[in-house]
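> Mind docking chain G on chain V? Use the hints.
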Amino acid sequence: MFQYIMKRLIAMVITLWFIITLTFFLMHSIPGSPFNEERATSEAVQRNLESFYNLDKPLYVQYGSYLKSVVTLDFGPSIKKPSQSVNDMLGRGFPVSFELGIVTLLVAVFSGITLGVIAALRHNGFLDYFAMSIAVLGISIPNFVLATFLIQQLAVKVEIFPVATWSSPMHMVLPTLALATGPMAIIARLTRSSMLEVLTQDYIRTARAKGLSPVKIVFRHALRNALLPVVTVLGTLAASILTGTFVIEKIFAIPGMGKYFVESINTRDYPVIMGTTVFYSAILIIMLFLVDIAYGILDPRIKLHKKEGS
Amino acid sequence: MEKVLEVKDLHVTFSTYGGEVKAVRGVTFDLHRGETLAIVGESGCGKSVTSQSIMRLIPSPPGRIASGSVLFKGKDLTKIKEREMRTIRGSDISMIFQDPMTALNPTLTVGKQLVEGIIQHNGSTQQAAKKKALEMLTLVGIPDPEIRFKNYPHEFSGGMRQRIVIAMALVCEPEVLIADEPTTALDVTIQAQILDLFKDIQKKTNVSIILITHDLGVVAQVADRVAVMYAGKIVEAGTRRDIFYKPQHPYTKGLLQSVPRLDLDGADLIPIIGSPPDLFSPPVGCPFTARCDYAMEVCDRAYPFKTHLTNEHHVDCWLQDERAQKMLASIK
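Here the protein sequences line up with chains V and G, keeping their order.
Counted from 1, the first sequence has number 285 at position 285 by the UniProt record's numbering; the numbering is strictly sequential.
Counted from 1, the second sequence has number 112 at position 112 by the UniProt record's numbering; the numbering is strictly sequential.
Only chain V is shown next, with the shape it has when bound in the complex:
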């Protein structure tokens, strides 16, 4: 196990390095620079600014010094907002985005699995069609459309929830709903189909032949096997939820990381672009790693480590 984790950690660092390199050169290949603004600055000022931020150096030198700063976990100051460092922005924005992301993921996973299991157990019945109709709607409606719809219905027409911002649990309801519906639908459909398949397996018949109750059969024997494909998509779903927050954060005026990310690209704020990208990538890589570990725990046939002696 330890050996496997070490191997994976090394692979993760290499992946991250690839992402940093790609982002760095892509970013510099976009036309424009942080100092291209509508009001023209004199050439001397421009040069001064560029030399202050080392932007006049050749690209490979900039790249080298950036790698050095990433290793020391210091993403530097923002060019556009010189009073803030990128680390400050991440420190402020990430807890909010993380909270939204985790709550969304939990809601999506639990409601998705529940819906899927119910649909499978009532196969071809009313509840099945009902659950799957919800799922199809959930997959088809983009989350920003759902978000505006929810705001209009539940915050403007009927004033149950606040329209926007982020300060109490009530504020979390609408963005979480908007964000969780899509992933929930995907999980529900996946759970249903894999549950239906598992329920026809021989070992379910064995369990019935033992005289176990339907509840025990579903929870002990069927669900765990049915969840394996769900866990597989969980990594990518976590990715889509994290990136999906950009738009939702904008709509609900949530002070998360998404704001900084979008702004930084528009203004070519190089350090912020790099900082947020690297940070997001790192989180995604860690998520995928956790999914792999979870897979090994759920299914004993998947060995994460070599057997002793072989």
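Bear in mind the hints are in silico, worked out from the structure with no lab data behind them.
Being a predicted model, the structure only gives us computed values, none of them experimental.
Incorrect hints may appear among the rest.
[As the list claims (entries may be wrong)] Between beta-carbon pairs, the in silico distance windows are:
1. Phe126/V <-> His154/G: 35 to 43 Å
2. Ile273/G <-> Val215/V: 45 to 53 Å
3. Val215/V <-> Ser43/G: 29 to 37 Å
4. Gly74/G <-> Val215/V: 26 to 34 Å
5. Ser15/G <-> Gln153/V: 43 to 51 Å
6. Asp300/G <-> Val215/V: 50 to 58 Å
7. Pro142/V <-> Gly44/G: 45 to 53 Å
8. Gln153/V <-> Gly44/G: 55 to 63 Å
9. Ser240/V <-> Ser43/G: 46 to 54 Å
10. Lys81/G <-> Ala294/V: 39 to 47 Å
11. Tyr294/G <-> Phe126/V: 52 to 60 Å
12. Thr138/G <-> Ile141/V: 58 to 66 Å
13. Ala294/V <-> Ile273/G: 54 to 62 Å
14. Val215/V <-> Lys203/G: 32 to 40 Å
Beta carbons: idealized from backbone N, C-alpha and C, even for Gly.
Relative to the frame of chain V, chain G by itself:
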């Protein structure tokens, strides 16, 4: 001998888009304490459906026990509530399925799978259940049961898995064990070991076994009595000697002739030509008529009466009618 299980005129149907499939059409048999009854027949003759109907394990819908009764110690299993049926499954009547590779849950240790049945039925503690499970593993011949208890199914070979499946079925000391093709998925050496295990366990626990198989070699090794099924009916039944030495039904004879034999050097196997009838609309007469070398006009018109040759041996065939017997005698 004491009757443990009585199946009377059992009819099982499956509703499909194409109509009703009459898979079992009036099966009647008894099972005595401590004996092994083999039910033989080709694929699709209804032998597995019969066995699963006894346990009420046929997928329903589409399957349905249309009529008939299954009496277990005087109780009709087709009439009782599902909740009550659950207390009988795995405790009084257990079942072993064909493929040990898929019959065990891959994500639970065999220990957990053994123990859950004991706790379900006996309400014993985890420790007591584990002790019982370990005893059972030893009985079925699993070496190092303490260690193997914590293993997952994929860590066992096919033969060992079948032993575990057998242990699981026997762990609550059932009175009836239904084994549905228990050795079909195993190679012959393992097959012999498993059959020996059956005999051994039967001696120790006096369990009654219903053995579903299409392998007459297996039948010859372990069965006390044999019932031959064809197209959803038992066409001939008797003791092992009756069936192997004095088969009466042309189908039984055909089955015996189609078994490869070492003692008849060079003799060709004689297959039964044709295929079984469509069970969407089974024929009115004897279902074997179309494939039977001895078919007479009457065979197509009406299903033959049951003829009792001895107390145990009975056969459904018009050839047993005294007029047919006279004809046969005159030909000879």
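> Next, verify each hint and record whether it holds.
Hints versus structure:
no.: 1; hint: Phe126/V <-> His154/G: 35 to 43 Å; result: 39 Å, holds
no.: 2; hint: Ile273/G <-> Val215/V: 45 to 53 Å; result: 51 Å, holds
no.: 3; hint: Val215/V <-> Ser43/G: 29 to 37 Å; result: 35 Å, holds
no.: 4; hint: Gly74/G <-> Val215/V: 26 to 34 Å; result: 30 Å, holds
no.: 5; hint: Ser15/G <-> Gln153/V: 43 to 51 Å; result: 45 Å, holds
no.: 6; hint: Asp300/G <-> Val215/V: 50 to 58 Å; result: 52 Å, holds
no.: 7; hint: Pro142/V <-> Gly44/G: 45 to 53 Å; result: 51 Å, holds
no.: 8; hint: Gln153/V <-> Gly44/G: 55 to 63 Å; result: 58 Å, holds
no.: 9; hint: Ser240/V <-> Ser43/G: 46 to 54 Å; result: 48 Å, holds
no.: 10; hint: Lys81/G <-> Ala294/V: 39 to 47 Å; result: 40 Å, holds
no.: 11; hint: Tyr294/G <-> Phe126/V: 52 to 60 Å; result: 55 Å, holds
no.: 12; hint: Thr138/G <-> Ile141/V: 58 to 66 Å; result: 60 Å, holds
no.: 13; hint: Ala294/V <-> Ile273/G: 54 to 62 Å; result: 57 Å, holds
no.: 14; hint: Val215/V <-> Lys203/G: 32 to 40 Å; result: 38 Å, holds
Hint violations for this structure: none, all hints satisfied.
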